[in-house]
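Enquirer: Using the sequences and the hints, build the whole thing.
All letters in the sequence shown, in the order written, are residues 1 to 145 by the working numbering.
Hint data in this document are derived by calculation from the structure and do not stem from the laboratory. Small disclaimer: the values here were computed from a predicted structure and weren't measured. Be aware that one or more of the hints could be misleading.
As the list claims (entries may be wrong) - Subject to a maximum C-alpha distance of 25 Å in a straight line, what follows is the list of computed DMTMM-like cross-link-like pairs (lysine to aspartate or glutamate): (1) Lys-17 / Glu-61; (2) Lys-17 / Asp-57; (3) Lys-44 / Asp-107.
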Amino acid sequence: MSISAYKQTIRESASPKQIEARVFARITGSMEQHRANWLAARDKFARTAVLAHGLRDAVAENRVLWSRLRTDLTDENNQLPAELRANLLSIAMWVDRTCGVVIGGGDGLPALIDVNQNILGGLSGQRPTPAAVTQDGTQSHAQAV
Numbered sequence: 001m002s003i004s005a006y007k008q009t010i011r012e013s014a015s016p017k018q019i020e021a022r023v024f025a026r027i028t029g030s031m032e033q034h035r036a037n038w039l040a041a042r043d044k045f046a047r048t049a050v051l052a053h054g055l056r057d058a059v060a061e062n063r064v065l066w067s068r069l070r071t072d073l074t075d076e077n078n079q080l081p082a083e084l085r086a087n088l089l090s091i092a093m094w095v096d097r098t099c100g101v102v103i104g105g106g107d108g109l110p111a112l113i114d115v116n117q118n119i120l121g122g123l124s125g126q127r128p129t130p131a132a133v134t135q136d137g138t139q140s141h142a143q144a145v
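Expert: Structure (structure tokens):
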């Protein structure tokens, strides 16, 4: 079986929730690969180097994912409860802003990863993690949302 046929079979047999979980896992994993280098980079010049080695693409892809989710959440045929849609739309707007900050060399990568991990957990049927203090002493946005 060719790779394209295999991918088609997966698309046809996986539920939308499973597909979303796979996409979140892939993108979050891509960003996670750069977390340590990002945190070690102390200035925008050093962070620019981390961005150039793949992080920019991962964050841009994350931004596109959330943009598509935002479009889906505003669709009148979306079946999610209104309150959940509103909460997810709020997160989507925060993600869009934070992706821009990170691409510009600013803070926010760990919070983006945490938010995605919590969404991934929800798609997988897990409960969100309780509020926790991060290694740098701040509360993660994922738990604060």
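Enquirer: None of the hints should be skipped; say for each whether it holds.
Expert: Status of the hints after comparison with the structure:
| no. | hint | verdict |
| --- | --- | --- |
| 1 | Lys-17 / Glu-61 | holds, 19 Å |
| 2 | Lys-17 / Asp-57 | holds, 24 Å |
| 3 | Lys-44 / Asp-107 | holds, 10 Å |
The structure fails none of the hints (numbered hints given earlier).
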